[in-house]
Amino acid sequence: MDLGALYQEIILEHNRSPRNHGELAHATGHAHGKNPLCGDEVSVWVHTTGDQVDRVTFTGQGCAISRASASMMTQALTGKSREEALALFRQFHDMVTGAAPVDEAALGKLKVFGGVARFPARVKCASLAWHAFKDALHEDATHRDPA
Amino acid sequence: MPPALAPSALLPATLREDFPILATMARGKPLVYLDNAATSQKPRQVIDALSRYYEAENANIHRGVHYLSERATLLYDETREAARRFINAASSREVIFTRGTTEAINLVAQGFGSAVLRPGDRILVSTLEHHSNIVPWQLACARSGAEMVEIPIHDDGSLDMEAFDRLLDARVKLVAVTWVSNALGTITPVAELVRRAHALQVPVLLDGAQAAPHIAVDVQAVGCDFFACSGHKMLGPTGVGLLYGTEQWLDRLPPYQGGGDMIETVTIAKSTWAPLPSKFEAGTPDIAAVVAFRAALDYLTRTGVAAIAAHEHELVALATERLAAIPGVRIIGTASPKAGVVSFTMDCAHPHDIGTILDSEGVAIRTGHHCAQPLMQRFAVPSTARASFYLYNTPDEVDALVRGVEKVRQLFA
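Chains Y and C are the protein sequences, given in the same order.
By my numbering, the letter at position 123 of the first sequence is numbered 123, and the numbering carries on one by one without gaps.
By my numbering, the letter at position 316 of the second sequence is numbered 316, and the numbering carries on one by one without gaps.
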């Protein structure tokens, strides 16, 4: 089995030194994700201005895959519009679950998580932060637009 | 090829050949199965008994007058007698077949919730418990107004017996404690627990899921009021476990489920219950699993539970020593005695990653919270990596585990 497909150097590096790690003061949205199978947890904070995601941060405890995924997600989402962010969520989700062919160009660096699809037990690790981000963005929208 | 050698001088030379699955190649490597606390592998004798049942013995039990029904009933009842002997219960009326430990504990908890517990009553459980010895009591407490109180543990994973003494009082209506921690392997002082609880007329339930595979169980010597275990963790099939309860208690508790086989007479208005053990065995059970469980009990008895325990003790000691020597490895649960389990964390890698890397070497361990979240909270870890051993494991397999952990360190440190 090719472990290298899962633990690529960039993933190990983000695991060691995660970016945008910490709570976000003045966040406009926040959500918590939990993997009941392993007990891993992640919290994601977002700050949006109008339609734009300006900042995403995370905290939590988890494996290398979940930490690196959260870290690289925060970078990939910064500066995206809501619609672009949600489109990226779907692309990432399809890639790690192997559900549908993906647009590799749109995924950019996130392509390194493509190997996860071959490790069914690890798909949740890679997608945990993304689901929390989606919930945080939803909370943010609900908060702003109570209708 | 995996080693066909005897796991140790303590056990039969051809023992591994009895377990066909041990010849599996996993990820291109010989399978090293160290997830025995989750479920054990099955010897050919058990697999054959399952097939033979469906090929030659299958019928419903306690119902027909025909040949096959009588035969299946006999085999079913013989397993009950074999199980009685295995745990040394006084009577086979005190041995109830369930789906497993979880159902056995739920049976008692539901009965206590409706027939015993009152508002203000207390149930003591320990920090070591598996969720299946926590959640059923929470449900019983929610129905009855009783409350759960936790018996704490020391930093080495052993029960705090002084705290236990302080908690034992007239409010306590049951002590429900594990005999062997599934997450740490810690063996609790069950006879002493029972002695102290009984001094105040408090009954004791022992979760024996991890004890029965590894320790010679004598429920009368220990003196417990209830004992539960699962067939699949002790070489048997899934779908069968047992509840031991004293006749006094089983007579007092109401039926768990209603249905066929558990009644004496039924009218639309009212029913009366069958005597023990049928009162607690509604509906058609997993007859095949029960019949094949007999082969597992015979296998363990023939091999000798004491010899198995001695062999596992050697493996646990070897694995503990070698893992603890690796920089950054922390052994969780260091109290002795222990049975069958080494739980650990690494400072450079999360247990999930350890599990995946070991898996790539063909080594199967469990990673996660082991259905023991309060215990993980006690040690301030989200999860651990757990290697758990059984009679067929070998010192070579401990080597494979250690090599895998070294590989984790190379990748992550």
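Be aware that one or more of the hints could be misleading.
List of simulated lysine to any residue pairs, SDA-like, C-alpha gap at most 20 Å [what the hints assert, rightly or not]:
(1) C:407 with C:119
(2) C:407 with Y:3
(3) C:407 with Y:89
(4) C:407 with Y:28
(5) Y:134 with Y:89
(6) Y:34 with C:371
(7) C:29 with Y:5
(8) Y:34 with C:380
(9) C:407 with Y:2
(10) C:29 with Y:118
(11) Y:34 with C:373
(12) C:407 with Y:13
(13) C:407 with Y:4
(14) Y:34 with C:377
(15) C:407 with Y:34
(16) C:29 with Y:9
(17) Y:34 with C:374
(18) C:29 with Y:26
(19) Y:34 with C:29
(20) Y:34 with C:161
(21) C:407 with Y:9
(22) C:407 with Y:16
(23) C:29 with Y:2
(24) C:407 with Y:12
(25) Y:34 with Y:13
(26) C:29 with Y:4
(27) C:407 with Y:119
(28) Y:134 with Y:8
(29) Y:134 with Y:28
(30) C:407 with C:395
(31) Y:34 with C:381
Derived by calculation from the structure, the hints in this document are not laboratory data.
Keep in mind it's a predicted model, so treat the numbers as computed, not measured.
Hints, one by one, checked against the model:
1. C:407 with C:119: The given pair, whose Cα atoms are some 54 Å apart, is violated under the 20 Å limit.
2. C:407 with Y:3: holds (11 Å)
3. C:407 with Y:89: violated (33 Å)
4. C:407 with Y:28: Since the Cα atoms of residue 407 (chain C) and residue 28 (chain Y) sit roughly 43 Å apart, the hinted pair is violated (cutoff 20 Å).
5. Y:134 with Y:89: holds (8 Å)
6. Y:34 with C:371: holds (15 Å)
7. C:29 with Y:5: holds (18 Å)
8. Y:34 with C:380: holds (17 Å)
9. C:407 with Y:2: With Cα atoms ~14 Å apart, residue 407 (chain C) and residue 2 (chain Y) stay inside 20 Å; holds.
10. C:29 with Y:118: This hinted pair holds, its Cα atoms lying about 18 Å apart.
11. Y:34 with C:373: Status holds; Cα separation ~13 Å.
12. C:407 with Y:13: holds (17 Å)
13. C:407 with Y:4: holds (13 Å)
14. Y:34 with C:377: holds (15 Å)
15. C:407 with Y:34: Violated, at roughly 28 Å.
16. C:29 with Y:9: The hint is violated at about 25 Å.
17. Y:34 with C:374: Answer holds: residue 34 (chain Y) to residue 374 (chain C) is near 16 Å, not above 20 Å.
18. C:29 with Y:26: Violated, at about 52 Å.
19. Y:34 with C:29: violated (33 Å)
20. Y:34 with C:161: Between residue 34 (chain Y) and residue 161 (chain C) the Cα gap is close to 34 Å, so the pair fails against 20 Å, i.e. violated.
21. C:407 with Y:9: holds (15 Å)
22. C:407 with Y:16: Distance of about 17 Å is within 20 Å: holds.
23. C:29 with Y:2: Cα-Cα ~13 Å, so holds.
24. C:407 with Y:12: The given pair, whose Cα atoms are some 14 Å apart, holds under the 20 Å limit.
25. Y:34 with Y:13: violated (23 Å)
26. C:29 with Y:4: holds (17 Å)
27. C:407 with Y:119: holds (19 Å)
28. Y:134 with Y:8: This hinted pair is violated, its Cα atoms lying about 26 Å apart.
29. Y:134 with Y:28: Distance ~13 Å between residue 134 (chain Y) and residue 28 (chain Y) Cα, so the pair holds.
30. C:407 with C:395: holds (19 Å)
31. Y:34 with C:381: With a Cα-Cα distance of about 15 Å, the restraint between residue 34 (chain Y) and residue 381 (chain C) holds, given a limit of 20 Å.
Of the hints listed earlier, those the structure fails to meet are numbers 1, 3, 4, 15, 16, 18, 19, 20, 25 and 28, in rising order.
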